[in-house]
Amino acid sequence: MIGFLFSAVAVLILCGIAVAGVWALDLKVLFGVIIPYAAIITFFAGLVYRVLDWARSPVPFAIPTTCGQEKSLSWIKPNKVDNPTTSGWVILRMAFEVLTFRSLFRNMKLDYREGPKIRYSSEKFLWLFAIMFHYAFLVVLIRHARFFLEPIPGALVVLEHLDGFMEVNLPFLGLGLPAMQLSGLLLLGGVSLLLLRRIVIPQVRYITLASDWFPLFLIIGIALTGALTRYVVRVDVVSIKEMAMGLATFHPVVPDGISVWFYVHLFLVCVLFAYFPFSKLMHLGGVFLSPTRNLPNNTRERRHINPWNYPVKTHDYHEYEDDFREKMIEAGLPVEKEMSEPEPEAPVAEGAEEEDK
Amino acid sequence: MKLYNGPIIIVGLVIFLAIFLLPFYISGGKTAAVPKPELPKKSVATECVMPTEYMRTSHMQLLNVWRDMVVRDGDRIFINEKGKHFNMSLTNTCLSCHDSKAKFCDSCHDYLAVAPVCWECHLVPKEKK
Chain A
1 MIGFLFSAVA VLILCGIAVA GVWALDLKVL FGVIIPYAAI ITFFAGLVYR VLDWARSPVP
61 FAIPTTCGQE KSLSWIKPNK VDNPTTSGWV ILRMAFEVLT FRSLFRNMKL DYREGPKIRY
121 SSEKFLWLFA IMFHYAFLVV LIRHARFFLE PIPGALVVLE HLDGFMEVNL PFLGLGLPAM
181 QLSGLLLLGG VSLLLLRRIV IPQVRYITLA SDWFPLFLII GIALTGALTR YVVRVDVVSI
241 KEMAMGLATF HPVVPDGISV WFYVHLFLVC VLFAYFPFSK LMHLGGVFLS PTRNLPNNTR
301 ERRHINPWNY PVKTHDYHEY EDDFREKMIE AGLPVEKEMS EPEPEAPVAE GAEEEDK
Chain H
1 MKLYNGPIII VGLVIFLAIF LLPFYISGGK TAAVPKPELP KKSVATECVM PTEYMRTSHM
61 QLLNVWRDMV VRDGDRIFIN EKGKHFNMSL TNTCLSCHDS KAKFCDSCHD YLAVAPVCWE
121 CHLVPKEKK
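Top to bottom, those sequences are chains A and H.
Quick note on this note's numbering: the first sequence kicks off at 1 and runs consecutively.
Quick note on this note's numbering: the second sequence kicks off at 1 and runs consecutively.
One chain only, chain H, in its complex shape (with noise of 0.2 Å):
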């Protein structure tokens, strides 16, 4: 087969195609790991304010929710779908159970490039040693 500019085409197509298929070699066929975010210990909550498949989705729409209701409506009672009230704050509920950012937020934000904006108001929770 003749080209015509083979060489310059060539360079052209090689390189095109080393961008577009760096992921499939950068890893180098090695899997990498899926987060595990860690949950709190049975003896401190055994549920969340929402089901897990819920929260796993949408605790990012739950949490706008919270802070609309608490910043502009004063409003602090959060009543679930089995009708446990809850009082709606990052840093007293949440918190109290997901104690470790790293642990539990970060895994996941991490893995997907997300930055939430929580922590412009909120203080991050001090590691526990």
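The following block holds chain A by itself, in its conformation from the complex (with noise of 0.2 Å):
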């Protein structure tokens, strides 16, 4: 719990130095122009690192993870997709693991329903919870990009009215933008869930560290900062897009009048991607280059070379022989070759050299 609570503080603390350094301090430059470029600069920089690293890592053995029938004799059918043997079939289970995670929808726990008895039974919610919170996430950074876009493409249109249809109004509660977005009720929901999951199951508890609490809290604190700004505090969205289009088109500015709250969601925000390549969020880019998914189990086809195999230096018996037969003779050991033979390549030799190597 060590961990729990140190990324609860730390959280807490990324949301203070933000208030602190606007509010207080006034640095309003820093925090809406110096921080974001440095931050989006550490994202797509590291991320390219990390991705050319694993690029460069050869891969010693293929092992692929196979969840069905390999391929084999004719008469035997062949489960093509969750054991594929060619590129064609490695990229439709890489679509599906990648768009559905079939690997969480086969998320299994152990069970002691029937008494002593131990079973093992299905655990979608690992499942329910991860698809909830990555396409509600993905919808929820597609919308932002009708703030760097001008003019906004008919699509973000569609998809703001489409994920705004529901109405809100809840004046008593300060609560008073009409169109509540979707995407943001479900990643705040979906990444709760996440977080109540680690909490509860015991088991999940133990393994959690604290690089697991943070980035929960981290994009609970992104959530929660970005519904504050829409609903609640509702800050001034038109210069925040004066602001965010400078940051875009590379000539920024920082208008007046900007709430701090906003301030502290985007300085969440930018952390979220300054930590991204550095932690286990870079499973965005770690599913594709991951051997276990993206080899074919065609090992029985073709020989999977090891690339960090060097040629080895061998002395076979029959170089050892070559060196030492005279002083074999001499001493009287057996040799295979005679050293009078003027026609060393006797058939049976040459079949056993092929063995060795």
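Keep in mind the hints are simulated off the structure, nothing from the lab.
What you are looking at is a predicted structure, and each value in this text was computed from that prediction instead of being measured.
Careful, some of the hints might be misleading.
Claimed, not checked - Each computed DSS-like pair below joins lysine-lysine, with the alpha-carbon atoms no more than 30 Å apart:
#	chain 1	residue 1	chain 2	residue 2
1	A	313	H	2
2	H	41	H	103
3	A	28	H	30
4	A	280	H	2
5	H	36	H	84
6	H	126	H	42
7	H	36	H	82
8	H	101	H	42
9	A	109	A	80
10	A	280	A	313
11	H	36	A	28
12	H	103	H	84
Combine the two chains into a complex, taking the hints into account.
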């Protein structure tokens, strides 16, 4: 639980840094221009570095995970998706994994439901919460493009309207923005459920480290401050888009009158971007470069050669006998080839030599 | 640096960067115009029902409250912070000064892909030539 407290406090301190920097010290250029640019550069440079680092790491063995019947004799039906033998099927399996999280769908748990008998039962909540969270995050991310594009493409306008088709009007709670974005609600719900899962299940809590808690708290912080700026504080979005467009067109401006809550939101997003390449969040790129997922299971058709194999210097018995034949004969030791034989290439010896290779 | 499966990984990276860095190159370095909603002439009106800073960020909440009070409670009198009375009416109060949807409302709403529900019931005011 040290990691839990550490991460929660760390996110609160980050919020405090943004509040202190903007509200007390008035460092709007630092928090509105310099830190966002630094975070974006860190994100893209770090991501490219990590991917290239994986790309130059050799894969010593063919280790695709297989979840179905391997291609075998003609009368045994192979499972081509779960046990792909060609690149095409590997790409299809990867697409299913990336788009539908099939490996999480297979999540199991040990169950004592029938007394002392143990069994493995299906556990779908991880998959459900994960898919909720990831797709909602994707929609939220795409929706934010409206702050960086002018004019806004028609598809984004449509998405914005579809996502906000539900109306919420609770003036007594201070919530007064008619269009409630469903993606935001699902994002906050999904990430909270993922957090709850790590808190509630003891075995999962035991293996949860600070590097798991921190991104969860950070994303919860981002979602909460985002909802706050939209529904409760209602920040001046026209000025915010002016600022965002300034960043996107490399003519940064810092308009006045933007609430400090927006800067907290922006700062947490910058921390997420900068933290991303060095954290577990790099599964964004890692899933594509994972040897258990991107290799075809064709080891019976094609030999996988370890790229870091180097030519091994050998000195086998025949060479040893060549070195010492004279002395061996002198000492009365048996030799395979006699000295006197002018044509040493005996068929038997040749066969033995082949085997040693 | 030797890369394994280099070409396909580089292609993937380039596609990723091309999509995510779109806002940075699509504008070609040109700055975007900031919307300037056209305010009513000084001869028509000098102040709104609430201060400008409030209206900039929270006019939608005000309109929602007005709608609920008028439609559900039949209450049409709004008293602002200065004690001034207003008739709670989008058409008769707001639009009597802000008489152009295109030049006032839409300038910011289009800038941010906002689609207010006002015009599902209210008629759009005719544009003056």
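Cross-check of the supplied hints:
no. : hint           : verdict
1   : A:313 to H:2   : 24 Å, holds
2   : H:41 to H:103  : 13 Å, holds
3   : A:28 to H:30   : 23 Å, holds
4   : A:280 to H:2   : 25 Å, holds
5   : H:36 to H:84   : 28 Å, holds
6   : H:126 to H:42  : 21 Å, holds
7   : H:36 to H:82   : 27 Å, holds
8   : H:101 to H:42  : 18 Å, holds
9   : A:109 to A:80  : 27 Å, holds
10  : A:280 to A:313 : 41 Å, violated
11  : H:36 to A:28   : 23 Å, holds
12  : H:103 to H:84  : 27 Å, holds
In terms of the numbered hints stated before, the structure departs from hint 10 and from no other.
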